[in-house]
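Those protein sequences? They're chains A and B, same order as listed. The numbering of the first sequence is full-length UniProt numbering, which starts it at 1 and goes up by one. The numbering of the second sequence is full-length UniProt numbering, which starts it at 1 and goes up by one.
Some hints could be false.
Unchecked claim - Computed list of lysine-lysine pairs in DSS-like fashion (alpha-carbon distance at most 27 Å, straight line):
(1) A:K67 to A:K53
(2) B:K174 to B:K78
(3) B:K64 to A:K124
(4) A:K124 to B:K78
(5) B:K138 to B:K126
(6) A:K124 to B:K133
(7) B:K64 to B:K78
(8) B:K16 to B:K60
(9) B:K133 to B:K64
(10) B:K78 to B:K16
(11) A:K124 to B:K138
(12) B:K149 to B:K133
Keep in mind the hints are simulated off the structure, nothing from the lab.
Next come the chains, spelled out residue by residue.
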Amino acid sequence: MLRYTIRRLIQLVGVVLVLSLLLFAWMRLLPGGPVSALLGERATPESRAALTKQLGLDQPIIVQYFKFLGRAATGDFGVSTGVQPGDSALEIFLQRFPATIELSFFAIVIAIAIGVPLGYLAAKRRGGWFDNFSVIGSLIGVAVPVFFLAYVLKDAASVGLGLPSQGRQGDINATRVTGFFTLDGILTGEWDATLDALEHLILPSIALATIPFAVIFRITRAAVLDVLDEDFVRTAEAKGLTAQLIRRRHVLRNAMLPVVTTIGLQTGALLSGAVLTEKVFSIPGVGQALAIGFERRDYPVLLLLIIMATIVYVVVNLLVDLSYALIDPRIRTR
Amino acid sequence: MALLEVRDLTVVFQRKGEEPFRAVDGVSFDVEPGQTVGLVGESGCGKSVTSLAIMGLLPKRGAKVTGTVSYDGTDLLKLSDREMRDRRGRDLGMVFQDPLSSLNPVVPIGLQVTEVLERHRGMPRKEAMIEAKNLLDKVGIPDPNRRLKEYPHQLSGGMRQRALIAIALACRPKLLIADEPTTALDVTIQAQILTVMKELVQDLGTALVMITHDLGVVAGLCDEVNVLYAGKVVEKAMRHPLFSEPRHPYTHGLLASIPRLDAARGEKLTPIKGSVSDNIPWAQGCAFAPRCPNALDVCVQVTPAEEDQLGRLLRCHNPVVPGTPAAEEVPV
Numbered sequence: 001m002l003r004y005t006i007r008r009l010i011q012l013v014g015v016v017l018v019l020s021l022l023l024f025a026w027m028r029l030l031p032g033g034p035v036s037a038l039l040g041e042r043a044t045p046e047s048r049a050a051l052t053k054q055l056g057l058d059q060p061i062i063v064q065y066f067k068f069l070g071r072a073a074t075g076d077f078g079v080s081t082g083v084q085p086g087d088s089a090l091e092i093f094l095q096r097f098p099a100t101i102e103l104s105f106f107a108i109v110i111a112i113a114i115g116v117p118l119g120y121l122a123a124k125r126r127g128g129w130f131d132n133f134s135v136i137g138s139l140i141g142v143a144v145p146v147f148f149l150a151y152v153l154k155d156a157a158s159v160g161l162g163l164p165s166q167g168r169q170g171d172i173n174a175t176r177v178t179g180f181f182t183l184d185g186i187l188t189g190e191w192d193a194t195l196d197a198l199e200h201l202i203l204p205s206i207a208l209a210t211i212p213f214a215v216i217f218r219i220t221r222a223a224v225l226d227v228l229d230e231d232f233v234r235t236a237e238a239k240g241l242t243a244q245l246i247r248r249r250h251v252l253r254n255a256m257l258p259v260v261t262t263i264g265l266q267t268g269a270l271l272s273g274a275v276l277t278e279k280v281f282s283i284p285g286v287g288q289a290l291a292i293g294f295e296r297r298d299y300p301v302l303l304l305l306i307i308m309a310t311i312v313y314v315v316v317n318l319l320v321d322l323s324y325a326l327i328d329p330r331i332r333t334r
Numbered sequence: 001m002a003l004l005e006v007r008d009l010t011v012v013f014q015r016k017g018e019e020p021f022r023a024v025d026g027v028s029f030d031v032e033p034g035q036t037v038g039l040v041g042e043s044g045c046g047k048s049v050t051s052l053a054i055m056g057l058l059p060k061r062g063a064k065v066t067g068t069v070s071y072d073g074t075d076l077l078k079l080s081d082r083e084m085r086d087r088r089g090r091d092l093g094m095v096f097q098d099p100l101s102s103l104n105p106v107v108p109i110g111l112q113v114t115e116v117l118e119r120h121r122g123m124p125r126k127e128a129m130i131e132a133k134n135l136l137d138k139v140g141i142p143d144p145n146r147r148l149k150e151y152p153h154q155l156s157g158g159m160r161q162r163a164l165i166a167i168a169l170a171c172r173p174k175l176l177i178a179d180e181p182t183t184a185l186d187v188t189i190q191a192q193i194l195t196v197m198k199e200l201v202q203d204l205g206t207a208l209v210m211i212t213h214d215l216g217v218v219a220g221l222c223d224e225v226n227v228l229y230a231g232k233v234v235e236k237a238m239r240h241p242l243f244s245e246p247r248h249p250y251t252h253g254l255l256a257s258i259p260r261l262d263a264a265r266g267e268k269l270t271p272i273k274g275s276v277s278d279n280i281p282w283a284q285g286c287a288f289a290p291r292c293p294n295a296l297d298v299c300v301q302v303t304p305a306e307e308d309q310l311g312r313l314l315r316c317h318n319p320v321v322p323g324t325p326a327a328e329e330v331p332v
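Isolated chain B (complex conformation) (with noise of 0.2 Å):
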C-alpha cells in the first residue's frame, strides 16, 4: 500500500458573494515510502492548493476540501483538529517558499527549531537544544551553535531555507511536501539546497512531494512526475518517459519554452501563449484547448477523461506524437 494515496481531491472556495472556484479539481496521485513526487505546473495550477489541502492547513471557513487523503490507511480529512496537530509536524513535515517570512521574526532560531521536538518528540529543553545542534549540521549550516541563538534577520536566504528544511525534518516524518522550496532563492543557492534536499531525504527514507513550476528541479529530483492544469492532473508519468516523450500539449509546451543553451544566437523563445483563465473551465470541454495547439473541435464540447496510456496518465483527445519538436505558432 502507497504511504500517501491521494484520491479525487478537490477544494473549492466559496466567499460570501463570489461564485465558487475550484482550485483543486479531483486531482489523485500516490506516494510509495520513500519516493519523490513532483506536482508540476504555472501559477494558480492547484499545485500549493493540493500540498495545503493535505497538510490540512487551508482556512476552515471558505474552503471545502473532499475527496480521500489517506496516509498509512488514515483519512487525514476525517480527522479533528487536534488529531491533525498530533501529525503535522510529525508524520508529515512541510517546506514553504519563502525562508524568510516562514519563520518567526522575533524568536531564536534554536527555539523554532526545539519547539517541534519537544512538542512530537517530547524532548526536554536541553536534549532539544542537543537535538537542534545536530540537526542544524546535517543540512549544513557553519558553526551552528551560533546560529541556534540568531535570529532569522542575521541568517541568509539559503541557511534559513536550510533551518527551515531541518525544522521539517526534525521528527523524522515519513513525508516531506516541499512547496517550490528555491523559488524565493538566487541559482547557485537553489542547486545546493536541492542537493541537500535529496540527500537527507534518501539518508531517512522520507518520501517528498516537490511542488515545482521548475522543469530543473523536477529532472534532477523526481521518480515519478504529475502535471497539474487548472486543477487536474492532465499527464502523470515516470520522469524519464515524461522527459524524452511528453505526451500531453502541455507538458510538451512547459518542455519546449525552457530556453536552450545549444539554442542558435537570436534564437525566439517558443512560449505557451494566454494564460490560465481565471475560473476554471473543465465543465465543458478541456481547459488548455484555448491555448493548446493540437486543439480539436471535440476539445471545446467534451472533458477528456483521463485515461492509461502505456503507464501513464493522459488526459486529451489529441496527444502529442511521439517526436514532435517544438510547439508551432498558436493563433490566440
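Extracted from the complex, chain A is given alone in its bound form (with noise of 0.2 Å):
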C-alpha cells in the first residue's frame, strides 16, 4: 500500500512537469499578452519593449520555462501581472485557495448527503412514482448549466429566504488563522462568524453541487439496483435481519464502490463548476481569480492556479484509490 502511494505520488511529479510545460507554452500562444493587457492598445513600441523586457518574455520560451523552473524550486513563483498586479502569485494562491476549497467542499458534501439517500430510495422503489420523479430530476440537475441556476439562487432564493447574495468576502472582521472563514471561527471561538460564513456558502454550494449531485444520485441507484439482485441480500433476508442492517451493512457496503469512484471524478467538475459559481457570487476565490487571470493574460497566477488544481485532482483520486482497498477486501489481498 505504501509503495503503491509512493509510486502514485512520484507519478503525479512527471504530470506536473508536463503540464506546466504545455501550459507555459500553450499561455504564450495566446494572442494578445500581459504586455497589452497592462498598457492597453495605444502604447509606445517603446514602452512595450521595455516591459516586455521587464517582464523577462523577449527571451525563448524554452529559456523563460527553465528559470521558472529554477524560481520555483526557491518558492518563487512570479509575481502577478492582472489578477492582483504586485502581489506574488503565491500570496495568491494562498489568499484564495480556502475559500474555493471551502465552498466545493460543501458543494460536495450536500451532493453525497442528498445523492447517494435519494439513490438508494430511488433503486428500492424502481419504476414507483418517487424514481420516475428523481431520475428525471437528476436530469434537469445534470441539463441545467451552473451559471443559470447561480443566478436564479441568487435572485430568487436570496430575496425570498433572506440568505446572502453573495459570498463572504475577505474584509470581514474576524481573527484569521488558517485562512478558511468557517474553520477560524471554531477555532476562535467566534462563533458568529462561522455562523455568518456558512451563511454565505449556502447558496453557491448548492449551484455547485447540482451536477455533482444528479452525477452521484443515478451511480448510487445504478449501484444499489445492482446489488439488490444479488444473492448475499436474499440470504441477509433469511437471515431475518433489520432492514437498516441490510441497507447499511449488505446493500450501501457494496454499492460504495463505483460510487466513490465517481465522487473523485466529480472533483474535476467541482473546480471548473467553482469558475462560475465564484464569479456569479462574487466569491474571491481561486476560480474568480483565473477568469480574471485570462482576461487579463496573467501567466503567472494562471500557472500556478492551474497546477495547484491538477495536484488537488490528483490527490483527490489517489485517495479515492486507496479508499477502494478499505471498501473491498479482494483489493486488498491483490
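Hints in hand, dock the two standalone chains.
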C-alpha cells in the first residue's frame, strides 16, 4: 500500500512537470499578452519593449521555462501582472485557495448527503413514481448550466429566504488563522463568524452541487439496483436481519465502490464549476482569480493555480483509489 | 400436528403487460418435526419458488402467493413483514445454491455468522464470536478462529457452503430449507456437505426440506419425497416405495434417466423427451402428457386429480405398472 502510494506520488511529479511545460507554451501562444493587457492598445513600441524585457518575455520560451523552474524550486512562482498586480502568485493562491476549498467541500457534502440516500430510495422503489420523479430531476440537474442556476438562486432564493446573495468577502472583521472562514470561527471561538460564513456558503454550494449531485444520484441508483439482485442480499433477508442493517451492511457497502469513484471524478467538475459559481456570487476564490487571470493574461498566476488544481485532482483520486482497499477486501489482497 | 403444513400453495407471477405465470400451482405437503422431506423436479418446476414462498422471500410486488403455510400452527403467509423478519433465521433457516454469491464479499465471515446471533439470540458481539467459532467448528471448518476474520473469497467453495450452513443453523431453527445446496460444488465436496447436513440435522432435531434435482441426494437423505412437475406435486411417497416402485411416468422417467455404472458399454441413456413448456398447462389435461410414454386420450382432456393410492399420492390417469423397466421411445 505504501509503495503504491509513493509510486503514485512520483507519477504526480511527472504529471506536474509535463503539464507546466505545456501550459507555459500554450499561454504564450494565446493572442495578446500581459503587455497589451497592462499598457492598452495605444502604448508606444518603446514602452511595450521595455515592459516585455522587464517581464522577461523577450527571451525564448524554453529559456523562460527553465528560469521559471529554477525560481519555482525556491518557492518563487513569479509576480502577478493582472489579478492583483504586484502581489506574488503564491500569495494570491494562498489567499484564495481556502475559499474555493470551502465552497467545493460544502458542495460535495451536499451532493453526497442528498445523492446517495435518494439514489438508494429510487432503486428500492424502481419504476415507482418516486423513482421516475427523481430520475427526471437528476436529468434536469445535469442539464441546467451552473451559471444559470446560480443566477436563479442568487436572485430568487436570496430575496425570498433572506440569505446573503454574495459569498463571504475577505474584508470581514474576524480573526484569521487558517484562511478558512468556517474553520477560523470555530478555532477562535468566534461562532458568529462561522455561522455567518456558513450562511454565505449555502446558495453558492447548492449551485455548485447540482451536477455532482445528479451524477452521484444516478450512479448510486444503478449500483444499488445491481446489489439488490445479488444472492447475498437474499441470504441477509433469510437471516431475518432488520431492514436497516441489510441496507447499511449488505447493500450500501457493496454499492459504494462505483459511487466513491464518481466522487473522485467529480472533483474535476467541482473545480471547473467553481469558476462560474465564484464569478456569479463574487467569491474571492481560485475560480474568480482564474477568470480574471485569463482576461488579463496573468501568466504566473494562471500557471500556479492550474497546476495546484491538477495536484488537488490527482491527490483526491489517489485517496479514492486507496479507499477502494478499505471498502473491498478483494482489492486489498491483490 | 406437523411442524410445517403447506396447503394449496399457489404462486402467480404477474408482470405488467404479460400473461400471469403460475409457477407453483396448489402444492401441499407436511413436514413432521425432525423429518427430512424432499422436493424433487427439474429446472422450472417451481421447487425454488415454493421454498422462497415459505420463507416469505418472494418480491412483494409482482408475486401473488395464496394458500396456507402453517408453521407450528401459525400461518406464515398472514404475518406482517416485521413478524416474518423475527422468524426468519430463528425458526426457519435457509441454505442457498451458490455459496460464493450467497455470502457478502465485503464482510468478514465472522460478522456474517454473528449478525444472526446478535439479531435473534440477543448475544453481545464478543459472546457471538465465540459461538460463531463453535458453529464453524461444528460444520467442519478447520482453524475456525482464522476463518472468522477472513472474507468469502479466501475460502474454498465447500467451506463457503459449510459457513452458510453454520449461519442457517446458528439459531437452531426447527426447520431448515436447503435449495440445491450441493449443485454448485464438485462431486467429492457434495458428499461431504450432505454428510455434514445430515449429521447436524439429526443432532439438532431439525426438520429439513431438501430441494434438489438430484435423485442421488434424495436417496441418501430424505424420508419422504414430493416429485414436482410444472408447479404441481405429481407423486408423493416415502423414499423406499418411490425408488423401488415409481408409479408416475415422470418419476419413472427421472429414475430411468440416471446413468448406471453396470450398464453395458455403448448403451444409450434414456432421457425424458422434450422439456417443460413455458406456460403451465394444467388447465386442460395433464402437463406432462406431451412428454409421457403412457399418455392416453383422456390425459390431454381431463386434468388428473391427486389420488391416494396405498399410502402414496399420485396425479396420473395411467400410472406405470410396478416392475416396468425404463421407458420406451417416446414419439415427440
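How the hints compare with the structure:
The hinted pair formed by K67 (chain A) and K53 (chain A) meets the criterion: a straight-line CA distance of about 14 Å does not exceed 27 Å. Simply put, K174 (chain B) and K78 (chain B) have alpha-carbon atoms about 20 Å apart, close enough for the 27 Å limit, and the pair holds. Note on K64 (chain B) and K124 (chain A): the hinted pairing holds, with a Cα-Cα distance of about 19 Å set against a maximum of 27 Å. Restraint check: the Cα-Cα separation between K124 (chain A) and K78 (chain B) comes to about 23 Å, which is no more than 27 Å; the hinted pair holds.
With a CA separation close to 19 Å, the supplied pair K138 (chain B) and K126 (chain B) stays within the 27 Å bound. For the proposed pair K124 (chain A) and K133 (chain B), the alpha carbon gap of about 35 Å is over 27 Å, so the pair is violated. About 13 Å separates the Cα atoms of K64 (chain B) and K78 (chain B), which keeps this hinted pair within 27 Å; it holds. Note on K16 (chain B) and K60 (chain B): the hinted pairing holds, with a Cα-Cα distance of about 14 Å set against a maximum of 27 Å.
For the given pair, K133 (chain B) sits about 40 Å from K64 (chain B) by alpha-carbon distance, which is inconsistent with the 27 Å threshold. At most 27 Å may separate the alpha-carbon atoms for a hinted pair to count; K78 (chain B) and K16 (chain B) meet this at roughly 25 Å. Restraint check for K124 (chain A) and K138 (chain B): not satisfied, since their Cα atoms lie roughly 37 Å apart, outside the 27 Å limit. Restraint check for K149 (chain B) and K133 (chain B): the C-alpha separation of about 11 Å stays at or below 27 Å, so the hint holds.
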